[in-house]
Amino acid sequence: MRDTDKSQIGENPIPAFLYKAFVFGFGGLCVIYLVAPIFIALTMSFTSGQSLKYPPEGFSLRWYEALLDPVRSATEHVAAWNSLKIAGLAVLGSLLFAVPATIGMSRMRRGTVGAIEPLLLAPLVLPSLVYGLAALIVANFVGFQPSLWLTVTGHIVVFGPLMYRAASVVAQGLNPSLAEASTVMGATWFTTLRRVILPLLMPGILAGAFLVFIQSLDNVSVSLFLADAQTTVLPLRMFALIEESLDVRVAAISGILIGLTLIVMLVARRVLAPPKQA
Amino acid sequence: MKASGFPYVIPMLLLSVAFFATPLAVLVGFSFIGSEGATLANYIRFFGDAFNFRVLVNTARLGLETVVGTTLLGVPIALLYWHSGKTTRQVIIFLTLIPMLTSNVVRTFAWIVILGRQGPISETLMALGVTGSPTSLMFTELGLVMAMCQIDLPLIILPLIAILSRTPVQFSEAAQVSGAGPWRIFVTVLLPLMLPGLLAGWILVFASTSSSFVTQAVIGGARNVYVPQLIYREVGTLFDWPMASAIAVVLLLSTGCLLVAMTMISRHRRLVGHA
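These protein sequence lines are chains A and B, in that order.
Using my numbering, you'd call the opening residue of the first sequence number 1 and step up by one each time.
Using my numbering, you'd call the opening residue of the second sequence number 1001 and step up by one each time.
If you are wondering where the hints come from, they were derived from the structure by calculation, not from laboratory data.
Note that the structure is predicted; figures quoted are calculated from it, not measured.
Even glycine gets a Cβ: it sits at the ideal position worked out from N, Cα and C.
Incorrect hints may have been included.
To list a few chain B residues with every Cβ distance to chain A over 12 Å, as calculated [stated by the list, open to error]: (1) Ser1035; (2) Glu1036; (3) Asn1052; (4) Arg1054; (5) Glu1065; (6) Val1068; (7) Ile1112; (8) Thr1131; (9) Ser1133; (10) Leu1193; (11) Pro1196; (12) Ala1244.
Cβ pair distances, simulated, as ranges [what the hints assert, rightly or not]: (13) Gly173(A) with Gly1037(B): 35 to 41 Å; (14) Arg1045(B) with Pro15(A): 54 to 60 Å; (15) Ala115(A) with Ser1178(B): 41 to 47 Å.
Please model the entire structure based on the sequences and the hints provided.
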């Protein structure tokens, strides 16, 4: 019954056909518009040419080789390593701050939660470029120079709310009597936390960690203001490569990042997928 | 048992106040700093300069054009989702998440390839005989809007899909049984259902477009300047932090007002009452 082609007597078939063409034809084209650029960036990375000509004239792994070359791509390696460090620390930081907040909020009255939550979620709405500038001004006041640690702090502030939101979606669906039952049975709060609450929250925490990691790895506008000259991060390095020379190694970096995203997504689907019978 | 949750929230609350709210307050304060004490000089200078004002207008226009573009592309995808079976629905979600989770810089890079002189658009136009010589859409507003629409499309699709996935199919079946054609069902049943999702998406798209530093800088080029580059230039090149703060506050206020307006509209009884 879902189809719209169950034409009734007297119904004009032309608008019905046009509608089908609109949904399945134009809708399909829109989906292609959505994913084609990713495909194009991926195939571009295998070009054998010197330029960004698309479609590429030949295929080779030369740009991946150039990217892996420790001498030629030393700056890129440092940048990638910095980005991974920052993203890892940002995930760790948001675990430390956002997960307890999620647990706390799930035990508080609706009204109180409604009053505090906007403050916790505000960094998600604010343009992060504005935040980067604000953080730089304050850091400068206090006498901190741009550094890796300042960048990490900025990322925790801006992306921690993602962890909070992902985990609290799960927390809202939890039955509070599970924790109560554990306490009634004589478990200490730590045991309840470790054996009941955290395992139940795990899908949300993993999803949050994934989001924080990806966003932090990709962030330009916070790192732009808070990272020092030695702490080049990968997206900023790519930005520079694109602006200066349109180096085709950017295509190889893109290829690796797309590949990583796909792998992590497939893993996440396995890990986070709800049980079949549920 | 009820109040026992608060201690858990304290660390994040302190983090928010100390490292988020305070810097923003300082930023606002900074924007009023002039050569002699508190002043509105930065704002007057910003709005007094025709160039700056045009940048502000351009940024708003870019945001609106992207909102319109993502709507025109997103609604058909949502309809496709609505009319599809379970497997296709999952495929659509997966295909929406891939670009969303792919780095912004990567997506921007993809558009450099597509819009460039040797890219697929230029090659197609030449093959069709529309243009004689290679054409580049780089550094044009059209090219930028095309790119921004793709980059921000997931932000509008996901809220729409979220709504449609918990809407029972009976909604449109009832309309169909009552004799409504597919277009009528779309306009009178599906579109009103989607409206809260559209509003949510519009906010996200507008906010994301008007502050997308990298894409604007790379694809817009030096001739198409938008507010984020203006801020960065004041900080990085001119070292005028009070001025940069003032521009940031203007960006904040204009996005903020829009946000509040949209939220108020989406809470309006007549809009969401029957959803």
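Going through the hints against the structure:
1. Ser1035: 18 Å, holds
2. Glu1036: 20 Å, holds
3. Asn1052: Fine: 16 Å to the nearest Cβ keeps Asn1052(B) off the interface.
4. Arg1054: Fine: 20 Å to the nearest Cβ keeps Arg1054(B) off the interface.
5. Glu1065: 16 Å, holds
6. Val1068: With a cut-off of 12 Å, Val1068(B) remains clear of chain A, as the shortest Cβ separation is near 14 Å.
7. Ile1112: Ile1112(B) not clear of chain A: closest Cβ-Cβ about 7 Å, inside 12 Å.
8. Thr1131: 17 Å, holds
9. Ser1133: Non-interface label stands for Ser1133(B): nearest chain A Cβ at 15 Å, farther than 12 Å.
10. Leu1193: Holds, since 15 Å exceeds 12 Å.
11. Pro1196: Per Cβ check, Pro1196(B) is outside 12 Å of chain A; nearest 17 Å; holds.
12. Ala1244: Given that some Cβ of chain A is not farther than 12 Å from that of Ala1244(B), nearest at about 6 Å, it is violated.
13. Gly173(A) with Gly1037(B): 35 to 41 Å: About 54 Å separates the Cβ atoms of Gly173(A) and Gly1037(B), which means 35 to 41 Å is violated.
14. Arg1045(B) with Pro15(A): 54 to 60 Å: 57 Å, holds
15. Ala115(A) with Ser1178(B): 41 to 47 Å: Check passed, 45 Å falls within 41 to 47 Å.
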